[in-house]
Amino acid sequence: MGMHIVKRENLPLWQKVCLYVGAVAAALLLGAVLLLAIGVDPIAYYNRMFTLGTVGNPIAYKVYANYLADLVPLVLTSLALSLAFKMKFWNIGGEGQFIMGALATAVVAIKLGGVLPTAVVLILMCLAAMVAAGIYGLIVAALKVKFGTNETLLTLMLNYVALYLLTYLMETKVPWNFLLDPTAVRPVPQSFDKMVKFPSIPLVGKFSLNVCVIFVVLIGLLIHVYLRRTKQGYEISVVGDSAGTARYAGMKVGPIVLRTVFLSACLIGLAAAFKVGSTGILSTTITEDVGWTGIIVAWLAQLNTWAIFLVSALVCVLHYGSTVAAATFAQVDSSFANMLQGVILFLVLAADFFTRFRVVMVKKGGSDHGNG
Amino acid sequence: MKKILALVMAMVLVLGLVACGETGAAGSNEEGLSAQTLKVGAIYINSKNDTAGYTFAHHSGITAAMKELGMDTEKQLFIVDEVPEKKDDVLAAVDTLVGNGVNIIFGISFGYIDAMEEAAAEYPNVIFSHGTGYKSNETNFNNYFGRAYQARYLAGIAAGLKSLELGNNNVGYVAAHTTDYAETASGINGFALGVQAANPNAKIYVKNLNNWADEVNEKAYAEELINSYNCGVISQHCDSAQPQIAAQTAGVFGCGYNSDMTPDAPKAHLTAAIWNWNVYYRTAMEAAIKAGTADKFVATMGTSAYYGGLKEGFVDVSPLSENCAENTDKAIKAVKELIISGEWDVFTGVKLEIAADGTVTQKDAALESNGFQHKDGDFKVPMENVEVVAAGGASVEDGVITGTMNYLVAGVEEV
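Residue numbers (this note's numbering), protein chains in the order written: chain A, 1 to 372; chain B, 1 to 415.
Possibly wrong hints are sitting among the right ones.
Each computed BS3-like pair below joins lysine-lysine, with the alpha-carbon atoms no more than 30 Å apart [as the list claims (entries may be wrong)]: (1) A:Lys197 to B:Lys219; (2) B:Lys351 to B:Lys311; (3) B:Lys67 to A:Lys173; (4) B:Lys267 to B:Lys333; (5) A:Lys194 to B:Lys290; (6) A:Lys206 to A:Lys194; (7) B:Lys296 to B:Lys135; (8) A:Lys146 to A:Lys206; (9) A:Lys7 to A:Lys363; (10) B:Lys75 to A:Lys194; (11) B:Lys311 to B:Lys296; (12) B:Lys39 to A:Lys206; (13) A:Lys206 to B:Lys75; (14) B:Lys290 to A:Lys173; (15) B:Lys135 to A:Lys206; (16) A:Lys231 to A:Lys144; (17) A:Lys206 to B:Lys333; (18) A:Lys231 to A:Lys111; (19) B:Lys296 to B:Lys380; (20) B:Lys67 to B:Lys290; (21) B:Lys67 to B:Lys336; (22) B:Lys219 to A:Lys173; (23) A:Lys111 to B:Lys75; (24) A:Lys252 to A:Lys16; (25) B:Lys375 to A:Lys194; (26) B:Lys375 to A:Lys173; (27) A:Lys111 to B:Lys375.
What the simulated footprint calls covered on chain B by chain A, stretch by stretch (three residues with Cβ under 8 Å from a Cβ of chain A suffice, anywhere in the stretch; the number is not a length) [to be verified]: (28) 42 to 49; (29) 73 to 87; (30) 111 to 122; (31) 365 to 372.
Source of the hints: derived by calculation from the structure; they are not laboratory data. Each residue gets a CB set at the ideal place from its N, CA and C atoms; glycine is no exception.
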């Protein structure tokens with residue numbers, strides 16, 4: 001007996017949903033066993049986790065604000081990645097592009113904050129971030145178009161170039177380094193939230209909504225229209241299906257790749273601008289791994305624009321809820337919470353695999369393909 | 001597609017509604033705190049389940065203090081761990097803890113400083129207490145640290161007497177950082193002065209790891225100090241016991257840090273400068289209970305910058321091992337008494353001379369640097385005036401020891 005993996009066509013929606021729900025249930029069950037083993041009541045733990053600790057919380061409004069602050073960069077990065085992925089350009093460089101965008105944002109904010117009107121500075125921060133990240137992505141696209149280099153490897157490696165550049169700037173306390181606080185004895189990042197920051201709109205009670213949330217929803221709409229209703233969006237899907245077909249149809253594949261990757265990286269830069277512009281400070285861990293998580297989200301959402309919103313929201317519940325629940329239970333540290341998150345994501349990805357493929361047992365020496 | 005969109009919208013609505021429902025409950029001011037009602041929050045840089053190192057030392061201190069006060073560490077302690085030194089992460093951790101209704105929050109890592117300051121202003125009903133920092137306010141925000149240099153001076157005496165016994169004047173020191181941090185510079189200086197009190201001819205060679213925790217280099221640097229600089233005693237300011245283990249392997253001796261490292265290197269270890277964090281945590285929790293409301297915390301503590309030393313039992317040396325030279329115990333006891341009574345302190349214009357029989361005498365002598373200071377990223381900026389304290393002069397100010405000490409004393413060389 002041997003195994004073959006066969007592509008699955010058109011699994012009914014209810015079966016897909018069953019697979020996903022089953023995977024989450026299996027993961028939670030597995031987690032429950034582990035929780036019981038260390039003496040934690042799983043129901044109480046999950047209750048805390050999925051309500052994000054809002055029950056009986058005097059400052060629940062803060063939880064929503066923090067949750068949305070985590071969500072905004074993840075949604076936008078996932079949306080951006082989905083553009084490139086649609087074209088089968090494997091942009092693994094979300095982290096690096098995010099960092100470049102974050103650096104550009106901070107430079108503009110520190111140099112121009114308080115000099116120009118806040119609204120102008122915020123726009124310039126976004127533009128600078130988009131250009132910086134966009135060019136960082138464009139380098140790889142250009143190399144691929146010109147020399148046929150592998151974009152997966154290049155974007156991956158450029159992540160580390162960006163990360164070490166950021167680390168160097170965050171740890172090198174010298175007079176020219178304006179990214180660090182000049183008044184601190186130790187290397188502390190310069191904070192600029194007093195000078196320039198994305199505003200929040202007061203809504204209900206003490207809860208106010210960061211304007212970036214609204215922007216991201218609008219960007220989601222635009223991307224939806226762009227992909228479904230424009231020529232450029234159509235070109236992306238054709239190139240993604242087959243570059244040969246696209247060429248045959250008279251499309252200029254090179255420029256399409258360059259344009260789309262630039263746009264993808266630009267949006268990741270914008271995500272960084274939203275993040276840095278909302279927290280008002282840079283740090284070596286500014287990305288919170290959205291460049292990586294974004295890949296999982298985009299994949300799970302099957303590159304569907306609105307599904308990305310939903311999957312991001314759920315992944316953030318998982319992420320934020322884990323931290324909150326770990327605080328309440330003495331036995332659970334954040335490593336355990338991370339492991340539980342990993343188990344859930346892993347099983348959901350496995351379920352995802354089975355919605356796309358099925359495993360077929362074949363007899364050894366079978367003549368399916370003639371040369372067994 | 002519309003279904004999914006509808007789902008998202010529904011979720012937003014639900015979140016919004018819950019938000020409305022919950023805000024009404026804000027601001028639960030419990031009058032009259034007691035050990036049974038006090039809720040403690042903590043923000044850690046590493047895992048709360050660590051079994052060694054910095055976070056472990058603090059976690060042990062907090063839980064020990066709570067047990068001393070008869071508190072329940074499962075129900076009254078809330079921890080967010082593995083929080084990087086990043087403002088928004090720290091603020092989110094504070095929100096989580098405040099959401100659990102804690103009365104006091106301890107943040108143990110230096111980089112939490114700005115977030116702690118901001119949070120203290122945002123939540124005036126909660127006490128914020130920041131370890132190793134220097135910011136504070138007059139009501140609900142203080143900082144705490146200890147005179148580790150005093151403990152290091154005592155360990156230095158053990159090392160100095162050992163170097164005399166060995167007939168080898170070279171002493172090594174593996175340092176996380178050197179003159180770029182006052183904490184590390186004052187540690188090196190305290191230790192060096194202790195060594196010199198016992199052995200005036202001693203030379204202290206320091207190697208800079210440029211990292212708070214780096215087990216591989218902690219070992220390699222100790223080996224280099226032993227092999228290339230012929231050091232017979234190895235001291236350290238780093239997380240792991242690797243330098244002590246390296247000393248034992250090479251057949252030399254050493255002084256550890258943070259915890260008693262005799263079990264790690266029984267044939268090499270003399271004594272370690274240690275912290276008793278529970279001393280501060282108990283003091284702070286008692287003050288929080290006594291103050292009743294957060295705004296009276298600093299007034300109840302009496303200071304916004306707690307800086308305990310040997311006197312409070314906040315720092316100490318671990319029990320001397322059998323490897324120590326003769327009369328080490330006697331000398332350390334005598335010096336400890338001088339410091340605890342307030343008669344003498346390390347960074348003054350008075351030097352101690354420790355005779356081979358362990359007797360201690362005082363002598364006026366200037367405190368001098370080795371001629372270099374750290375400035376703007378440069379470790380070797382020459383100092384115009386090497387005399388830091390004139391002979392007979394009073395101690396360097398606490399603010400210098402915790403914040404701006406950027407030089408090493410004479411007899412110390414960075415290699």
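### Query
What hint numbers does the structure not satisfy?
1, 3, 5, 8, 10, 14, 17, 18, 19, 23, 24 and 31
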